[in-house]
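J.: Spelled out, the chains give:
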Amino acid sequence: MAERNGFHALAVEAGELSMFAGRFFRNAFHRRFEWRELLRQAAINGSGSLPLVGITAFIMGLVLTVQSRPTLARFGAESMLPAMVAISVVREIAPVITALICAGKIGSSMGAELGSMKVTEQIDAMEVSGTNPFRYLAVTRIWSTTLMLPVLVVLADAIAIWASWVGVNIRDTVSWPLFYRQVFDSLEYGDILPAFAKSYFFGFAIGVVGCYKGFTTAKGTEGVGRSAHSAVVVASLLIFFLDLIAVQITDLLGLT
Amino acid sequence: MATTARPPAERVIAVRDLHVAFGANQVLRGFDLDLYRGENVMVLGKSGSGKSVLIKCIVRLLRPDAGRVEVLGQDVLALDQDQLDHLRVRIGFLFQSSALYDSMTVQENLEFPLRRHWLATARQETEALVDEVLDAVGLAHTRAMYPSELSGGMKRRIGLARTLILKPEIVLYDEPTTGLDPITGREIVELILKLQRQYNTSSIIISHDLNVAKLAANRIALLHEGRNRVEGSYADFLASDDPVVKEFFIFM
Chain A
1 MAERNGFHAL AVEAGELSMF AGRFFRNAFH RRFEWRELLR QAAINGSGSL
51 PLVGITAFIM GLVLTVQSRP TLARFGAESM LPAMVAISVV REIAPVITAL
101 ICAGKIGSSM GAELGSMKVT EQIDAMEVSG TNPFRYLAVT RIWSTTLMLP
151 VLVVLADAIA IWASWVGVNI RDTVSWPLFY RQVFDSLEYG DILPAFAKSY
201 FFGFAIGVVG CYKGFTTAKG TEGVGRSAHS AVVVASLLIF FLDLIAVQIT
251 DLLGLT
Chain B
257 MATTARPPAE RVIAVRDLHV AFGANQVLRG FDLDLYRGEN VMVLGKSGSG
307 KSVLIKCIVR LLRPDAGRVE VLGQDVLALD QDQLDHLRVR IGFLFQSSAL
357 YDSMTVQENL EFPLRRHWLA TARQETEALV DEVLDAVGLA HTRAMYPSEL
407 SGGMKRRIGL ARTLILKPEI VLYDEPTTGL DPITGREIVE LILKLQRQYN
457 TSSIIISHDL NVAKLAANRI ALLHEGRNRV EGSYADFLAS DDPVVKEFFI
507 FM
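In the order they appear, the protein sequences are chains A and B. Positions 1 to 256 (the numbering used here) are the ones given, in order, by the first sequence. Positions 257 to 508 (the numbering used here) are the ones given, in order, by the second sequence.
Just so you know, these hints were derived from the structure itself, not from any lab. Even for Gly, the Cβ is constructed at its ideal location relative to N, Cα and C. One or more hints might be untrue.
Here are the in silico distance ranges between beta carbons for each label pair [claimed, not checked]:
1) A400/B with F184/A: 51 to 59 Å
2) F7/A with A384/B: 55 to 63 Å
3) E266/B with K219/A: 35 to 43 Å
4) L335/B with S18/A: 22 to 30 Å
5) L10/A with E381/B: 50 to 58 Å
Based on the sequences and whatever the hints tell you, model everything.
T.: Take a look at the structure:
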């Protein structure tokens with residue numbers, strides 16, 4: 001413990017988080033897999049986040065449409081509206097907004113739930129009863145967020161695009177089939193697949209950070225609060241970093 | 257190491273020269289302890305003297321810095337994860353906070369150690385075991401309740417039931433009466449003794465409660481400054497001249 005400055009602490013934290021992720025991969029495909037708990041977690045984290053994600057996606061789609069319209073209208077390019085909204089929603093807005101919402105909702109609840117299990121010795125109790133708490137609690141939770149986030153993102157895409165159609169119809173009248181066709185004419189696999197791929201990483205980041213924070217909770221109830229809050233902060237930051245890396249990779253691959 | 261005269265019995269736990277430190281804080285500095293089959297050993301010590309650390313080392317929730325821990329003839333520190341899990345089934349651990357899973361009902365709490373095991377029992381058998389331990393602790397009516405609906409003493413009883421459902425050979429009790437009123441505490445001690453006879457377990461009881469010492473312990477070990485300072489019966493302790501022992505009994 002020579003230096004205890006911010007950078008040192010950050011490096012230690014990053015190292016421990018990576019080790020935690022490594023531990024996940026060593027246990028991720030273990031033969032004694034907790035299927036029931038995975039399904040339970042997927043239901044909680046997936047369908048539990050759906051209302052919030054749905055409302056946000058609807059509002060984002062609608063607002064984006066209404067706000068972009070004047071600018072496009074100035075260039076006489078109002079017909080580009082569906083394409084523009086679809087591309088920005090699919091490529092960036094839906095994955096990042098969904099991930100951030102889930103970081104807030106799922107990350108904090110994982111940090112708090114596992115954190116209070118840790119400080120009340122429930123995790124220790126699992127361990128001494130011969131159940132591996134990492135496999136039972138962490139592996140299932142990390143899998144559930146990794147698998148559910150892309151699903152939520154696709155649903156958010158759909159809801160936001162539909163909301164955009166609603167937004168267009170506030171002033172104009174565009175039929176849904178026409179709007180729908182314009183959207184799909186403008187979208188390419190190069191838009192959809194990278195966004196889909198990165199949402200797996202976002203989901204993974206949320207699960208790993210939430211579980212890591214929960215499992216490393218110390219100092220009683222105060223620590224539980226700190227775990228919940230720092231799970232959200234770290235997961236959100238990580239999502240932006242991953243987004244930054246993802247855009248560089250897609251750029252290099254010429255998918256932009 | 258102090259030895260008391262006793263009939264030859266199988267040694268189930270042997271702790272030798274145990275050292276544990278947290279940072280600069282040396283908690284255990286060469287602690288030794290033996291537990292023989294059928295016996296109750298109580299480890300007495302002040303708060304923060306490292307009593308809980310000791311039993312956590314026995315089930316390897318903590319890894320000591322140095323020393324040996326042998327349980328049922330196996331070197332705990334050398335086992336791999338699977339072997340350790342198998343050994344842990346034979347050791348019960350009652351947590352100070354009871355550590356009931358608060359997202360589950362009492363029934364699910366009791367089933368948990370059974371369900372997640374290769375000893376996986378049939379549905380009917382599980383039911384029977386749950387019935388049996390709930391009856392043993394006298395709380396059959398709490399089956400469908402959540403831990404938050406139970407009182408402190410009831411939680412401790414359910415914790416005990418959950419510990420016993422795997423029929424352990426050894427039970428480690430971490431402060432079984434702390435935080436309970438004297439009457440409930442006494443009831444818990446009596447329950448521990450009753451179950452001990454019923455299930456024929458050996459146990460280490462960590463406590464600073466002299467009632468536990470008086471009622472439950474066959475032998476007491478005083479943990480002082482990281483070492484096993486004195487060992488003996490309750491009567492030996494009462495008669496002791498050791499100033500540290502006297503300090504404990506001064507309020508009696």
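J.: Provide an ascending list of the numbers of those earlier hints which the structure does not satisfy.
T.: Violated: none.
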